[in-house]
Amino acid sequence: MKTGFGIFLAAFFTIGLSWCGLVLTPQLQLGGAKLEPVLNSADTYPLQPTGAATLGLQVYRANGCAACHTEQVRQGGVACEISLTGLGIYKPADFTAYVKSLFALNELADLTNSITASLKGWNGDLPKTLLTCTNKALADDMASRLKAVGVKSETHIVATGLDVARGWGERQSVAADYLYDQPVQLGSLRAGPDLANIGVRMPDANWQMLHLYAPKSVAPNSTMPSFKFLFEVRRIKAGDAPSPDALKLPAAFAPAAGYEVVPKPEAKEMVAYLLGLKANAPLYEAPFTPATAAKK
Amino acid sequence: MSDENKSNSDSSANEPVVTRSAAPMWIIVVTLLIIFVAGYYFDQHSGWFNPKIYGPYSSAEQLETFQPKSGAAAALARGKTVYETVCGICHGTDGMGKPGQAPPLAGSDVVNAKGFNRLAHVPLRGLTGPITVAGKEWNLSMAAMGAALPDDDLAAVLTYIRSSWGNKQSAVTGDDIKKIRAGLKSSQPMTHEQMMQISE
Numbered sequence: 001m002k003t004g005f006g007i008f009l010a011a012f013f014t015i016g017l018s019w020c021g022l023v024l025t026p027q028l029q030l031g032g033a034k035l036e037p038v039l040n041s042a043d044t045y046p047l048q049p050t051g052a053a054t055l056g057l058q059v060y061r062a063n064g065c066a067a068c069h070t071e072q073v074r075q076g077g078v079a080c081e082i083s084l085t086g087l088g089i090y091k092p093a094d095f096t097a098y099v100k101s102l103f104a105l106n107e108l109a110d111l112t113n114s115i116t117a118s119l120k121g122w123n124g125d126l127p128k129t130l131l132t133c134t135n136k137a138l139a140d141d142m143a144s145r146l147k148a149v150g151v152k153s154e155t156h157i158v159a160t161g162l163d164v165a166r167g168w169g170e171r172q173s174v175a176a177d178y179l180y181d182q183p184v185q186l187g188s189l190r191a192g193p194d195l196a197n198i199g200v201r202m203p204d205a206n207w208q209m210l211h212l213y214a215p216k217s218v219a220p221n222s223t224m225p226s227f228k229f230l231f232e233v234r235r236i237k238a239g240d241a242p243s244p245d246a247l248k249l250p251a252a253f254a255p256a257a258g259y260e261v262v263p264k265p266e267a268k269e270m271v272a273y274l275l276g277l278k279a280n281a282p283l284y285e286a287p288f289t290p291a292t293a294a295k296k
Numbered sequence: 001m002s003d004e005n006k007s008n009s010d011s012s013a014n015e016p017v018v019t020r021s022a023a024p025m026w027i028i029v030v031t032l033l034i035i036f037v038a039g040y041y042f043d044q045h046s047g048w049f050n051p052k053i054y055g056p057y058s059s060a061e062q063l064e065t066f067q068p069k070s071g072a073a074a075a076l077a078r079g080k081t082v083y084e085t086v087c088g089i090c091h092g093t094d095g096m097g098k099p100g101q102a103p104p105l106a107g108s109d110v111v112n113a114k115g116f117n118r119l120a121h122v123p124l125r126g127l128t129g130p131i132t133v134a135g136k137e138w139n140l141s142m143a144a145m146g147a148a149l150p151d152d153d154l155a156a157v158l159t160y161i162r163s164s165w166g167n168k169q170s171a172v173t174g175d176d177i178k179k180i181r182a183g184l185k186s187s188q189p190m191t192h193e194q195m196m197q198i199s200e
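Top line first, the protein sequences correspond to chains A and B.
Anchor point for the first sequence: position 210 equals 210 in my numbering, and the numbering is continuous, going up by one each time.
Anchor point for the second sequence: position 97 equals 97 in my numbering, and the numbering is continuous, going up by one each time.
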């Protein structure tokens with residue numbers, strides 16, 4: 001082994017370099033991650049999860065939910081939406097004519113199709129989405145031209161992509177979303193839908209309980225297994241009222257008469273965790289205009 | 001036996017040995033080319049490993065341009081932030097004022113005036129002496145808390161207090177504040193009578 005030292009050096013640098021890339025650099029980048037300010041708001045993100053939700057993460061983990069569910073929304077791209085909020089002195093027909101006259105300008109040629117399509121059959125209702133384009137400079141140019149003639153508009157930033165189109169989130173998942181998760185339940189397979197925003201999409205605790213006990217009772221085509229062992233089927237004592245926690249199951253899934261299904265603490269913790277999954281705050285690294293603000 | 005020995009010695013003579021020869025030039029060229037292409041790709045797409053930059057964004061400048069900064073909601077949120085750090089300490093984060101510190105802004109006549117000219121003079125000049133707000137007598141002094149605020153921030157605060165806690169009045173813009181600031185006759189605190197002489 002005349003070259004033993006050379007082989008050692010080569011192996012050391014190869015492994016050392018991957019360690020730097022896979023362990024050290026992420027640690028330097030995100031090791032000191034803190035709460036982040038929510039865009040255009042005095043709030044910070046993420047919220048500290050409740051005690052039940054913190055325990056619920058361990059139930060989620062123990063039951064292998066991450067084997068079929070992801071908690072990461074992917075974003076294909078970003079687009080600007082110019083929304084008209086006031087026409088100033090214009091009538092809708094005049095405004096349409098004015099916008100069409102802008103098409104003669106070379107720099108706005110790319111917007112022709114988008115604007116033509118959105119103005120088709122418009123009866124003058126406001127607010128009205130005038131155009132959607134991925135080029136911010138072009139959108140700003142258009143907005144300043146509208147402002148110059150006294151037309152009021154707002155520019156909304158919207159995330160695009162398959163996951164967003166499915167309604168799984170308004171923006172992509174970023175590191176801040178997992179600040180309190182220990183361990184992070186990213187998941188890699190989507191036999192079921194993404195859960196990054198389940199607390200926003202399905203905020204009804206009762207629905208979540210039914211779905212855990214008998215998935216087909218609320219989603220007939222669900223392939224999710226039943227998590228009946230998180231619940232207790234018990235006899236209602238004679239003369240007692242049913243427990244307030246008892247599930248209100250449809251007849252096909254209900255237990256025998258005189259029995260009730262009540263969630264064990266694990267089920268309650270899991271539901272608390274699921275309802276706390278709300279990755280919907282606009283952040284600096286994942287900006288968007290929230291739908292609520294857009295409606296105002 | 002002797003044949004076997006012979007073949008053994010032959011094979012050991014044919015064993016490959018490590019020599020020190022230069023790597024072929026084409027490998028070096030291809031490696032450098034790959035490094036160059038990878039470097040160019042990172043330069044275009046990585047945002048220089050900034051932890052704040054995720055795809056589809058490829059640079060800090062691009063991410064900055066996509067920050068939603070305009071719109072009424074943004075101004076209102078800014079106003080809330082500034083109010084809670086500057087005004088809320090005395091006037092209360094709920095706008096109800098604090099006994100012995102500051103009168104309420106919720107339901108105040110000056111705040112709820114149609115115009116904001118008189119209201120804007122209060123943070124720009126300060127206010128001192130007796131005044132009746134929402135049916136109660138107050139006799140305190142307020143310094144010119146807004147004199148050092150940027151135009152846009154002061155406008156955002158005024159917009160916020162004019163549209164919160166039941167107040168429903170129009171928004172104020174940075175340009176409005178700029179004009180009012182330019183037209184200030186004095187930077188000394190006003191009394192109630194002096195304030196009422198200023199037009200709404």
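It cannot be assumed that every hint is accurate.
Under the rule of at most 25 Å between Cα atoms (straight-line distance), these lysine to any residue pairs were calculated in the SDA-like manner [claimed, not checked]:
1. A:K34 - B:K168
2. B:K52 - A:T85
3. A:K152 - B:G55
4. A:K128 - B:T65
5. B:K52 - A:P26
6. A:K147 - B:G55
7. B:K52 - A:K147
8. B:K52 - A:K128
9. B:K168 - A:T85
10. A:K278 - B:G55
11. A:K278 - B:K168
12. B:K168 - A:L17
Residues from chain A that keep clear of chain B, each with C-beta distances beyond 10 Å, as calculated [unchecked claim]:
13. L39
14. G77
15. K91
16. T112
17. T155
18. V174
19. P282
20. Y284
21. E285
22. F288
These aren't lab readings, by the way, just hints derived from the structure by calculation.
Cβ atoms here follow ideal geometry from the backbone N, Cα and C, with glycine treated the same way.
Cross-check of the supplied hints:
The suggested pairing of A:K34 with B:K168 is violated, with an alpha-carbon distance near 37 Å, which exceeds 25 Å. The straight-line distance between the Cα atoms of B:K52 and A:T85 is roughly 32 Å, outside the 25 Å bound, and the hint therefore fails. Distance hint between A:K152 and B:G55 is unfulfilled; the C-alpha atoms sit about 31 Å from each other, more than 25 Å. Distance check on the hinted pair: A:K128 and B:T65 sit about 23 Å apart at the alpha-carbon level, within 25 Å; holds.
Restraint check: the Cα-Cα separation between B:K52 and A:P26 comes to about 12 Å, which is no more than 25 Å; the hinted pair holds. Distance check on the hinted pair: A:K147 and B:G55 sit about 31 Å apart at the alpha-carbon level, beyond 25 Å; violated. At roughly 32 Å between alpha-carbon atoms, B:K52 and A:K147 are farther apart than 25 Å, so this suggested pair is violated. About 33 Å separates the Cα atoms of B:K52 and A:K128, which puts this hinted pair outside 25 Å; it is violated.
For the proposed pair B:K168 and A:T85, the alpha carbon gap of about 19 Å is at most 25 Å, so the pair holds. Straight-line distance between C-alpha atoms of A:K278 and B:G55 comes to about 21 Å, which keeps the hinted pair within the 25 Å bound. Note on A:K278 and B:K168: the hinted pairing is violated, with a Cα-Cα distance of about 32 Å set against a maximum of 25 Å. Restraint check: the Cα-Cα separation between B:K168 and A:L17 comes to about 61 Å, which exceeds 25 Å; the hinted pair is violated.
Against the 10 Å criterion, A:L39 falls within the reach of chain B, whose nearest CB is about 7 Å from its own CB. Its beta-carbon lying about 5 Å from the closest one in chain B, A:G77 breaks the requirement of being farther than 10 Å from that chain. At the 10 Å boundary, the C-beta of A:K91 stays outside the reach of chain B, the nearest C-beta of that chain being 24 Å off. With a cut of 10 Å on Cβ distances, A:T112 stays outside the contact zone with chain B, its closest approach being about 23 Å.
Listed as outside the interface, A:T155 is inconsistent with that label: its C-beta sits roughly 6 Å from the nearest C-beta of chain B, within the 10 Å cut-off. Remark: the non-interface label on A:V174 conflicts with the geometry, its nearest Cβ contact in chain B lying 6 Å away (cut-off 10 Å). Its beta-carbon lying about 7 Å from the closest one in chain B, A:P282 breaks the requirement of being farther than 10 Å from that chain. A beta-carbon of chain B is positioned within 10 Å of the beta-carbon of A:Y284; the least distance is around 6 Å.
Taking the minimum C-beta to C-beta distance to chain B, about 4 Å, the non-interface status of A:E285 is violated against the 10 Å cut. A cut-off of 10 Å between C-beta atoms contradicts the statement that A:F288 is not in contact with chain B; the least separation is 7 Å.
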